[in-house]
Structures are given as C-alpha cells and as structure tokens.
Amino acid sequence: MISRWFDVKPDALRMRSEGKSIRAIEKTLNIPRSTLSGWFRGVKLSEEQVTLLEQNRINQLQKARHKAVKWHNNQKKQHLIEAKRQSVISLKNIDTQNKFIRELALAMLYLGEGSKGDSGLSIGSCDPLILNFYIRILIEDFCIERNKIKCYLHLRNDQNPELLKDIWSKDLNIPIDNFGKVSIDNRTAGRPTYPTYHGVCVLYCGNIAVQRKLVYLARKFCEKIISKGAVSSAGRAFA
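The sequence shown maps to residues -3 to 235 in my numbering.
Hints listed in this document are in silico derivations from the structure and should not be mistaken for laboratory results. Possibly wrong hints are sitting among the right ones.
Said to hold, decoys possible - With a cut-off of at most 27 Å between alpha-carbon atoms, the simulated DSSO-like pairs for lysine-lysine come out as follows: (1) 5 - 16; (2) 161 - 177; (3) 40 - 16; (4) 144 - 220; (5) 209 - 224; (6) 216 - 95; (7) 23 - 59; (8) 5 - 112; (9) 144 - 166; (10) 80 - 59.
Said to hold, decoys possible - Derived Cβ-Cβ restraints for the label pairs, each shown as a range: (11) 109 - 79: 36 to 42 Å; (12) 79 - 19: 23 to 29 Å; (13) 47 - 25: 42 to 48 Å.
Cβ atoms here follow ideal geometry from the backbone N, Cα and C, with glycine treated the same way.
Full structure from sequences and hints, please.
Following this line, the structure appears as structure tokens:
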C-alpha cells in the first residue's frame, strides 16, 4: 500500500540529508514522526551535522526551560496577587481592636513558636514582624512593660554579636542593655551567612501566668474547632 505521504518522501529525504532535524521536517511537511523515522533509517549524517543537530537540540531545550520559568514566575505572581486580594477581604472582616481576637491570635502564635516550660514567656523568631506583633500585644493587652522583656540572640559562626544586637535593638525598640548572652552555633563555621539573615532573637519575660493562659487558650480553641468538626461529620453521616 502506497503511503499517503509518498509524493513528499523525496523532499523529506533531501531535508534530512541536508542535516535538518526530524522535528523541523515534521513541522514543515506535516508528516508523522513515526513515518519519518522509518524513512530516515538509511540516511547517514556527517559528524558535523550530528554535532549541529545536538547543539540545536540543547539550544531549543534551554529556550523551552527559559520559557517555562517565565511562565511559572508569571503564574506565581498572579497567585500572590490573588492571595493578597483575599487576605485584604478577610482582614476587613476582623476587628483587630477586639481584645479577645488579639489574645487568640497571640495564643495561636505562642502555641506554635513559644516555650511551653515553666520558666515563663519565651518565644524566638528570625522575623522582626512576628516579634513586634508579640511585643505589641503583650504591652497593650497584658500590661507587660517593654523594659521587662529580655533578648537573647542565637547566631551563626560568622556573625558579629555586637552588630546584631544593635540591629535587633532598633528593630524591636528594646534597649541594648536588655540583651543577654549570645549563643553562637559553631557548626556553621565555614558556611557564609546571607546578609539579610540576622539570626534568631528569643524574647523572654518571666510571666508564667500569661504563658499558661496563652497555651491553655490556644489548645482549648483547637479542641473546640476539632470537636465541632467531629460533630458536623457525624451529623452528615446520619443525614
């Protein structure tokens, strides 16, 4: 049986012998790759042609990757814009001046990041935003004085303790005199630190009563949400 592309076979063979890629021939003549592969079994390419085809393949692959990265970054940008839009909507429905909401927000943060021992309130982070939020709620809603908060830095081997104390002191508006002993992680020796990383700052104040309230509030809130979910599931099961 004569192939439906028989009339263009000579053109395909000529293009292949000239060193054209199967992909280029397929696109130009609109012939299936499987058919072309069969036709080209006997066509021998020179080393120069093989090298050129391989280089073209690599170039096309790099272009495809660049295009994929560009598309991915654009998608990520759009997702971030949408996330911000939804966050603004959610925030509009939250009364940030409500004492109970603020306490709950602090309690959930503390449950995840704070110390649960009996030594008192203690929380650490490398993000000044989180620590400033923590300090603000303690001062405004729990009447804890700023000068009662102590700071302890955990730094990498190549970081300057005095410089970082100054940076954190300004970021948190806490006097440098409130900064205690600095811990250095010698395991990081020989591995340079990113300039934007200022270590972990641990805030401490010995108010065990506030700590216990925050932990208890956060846990009871979690349990309440979980128990409501269980009740709702049971209700659907018997519906």
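Q) Which hints, by number, does the structure contradict? A) 4, 8, 10, 11, 12, 13
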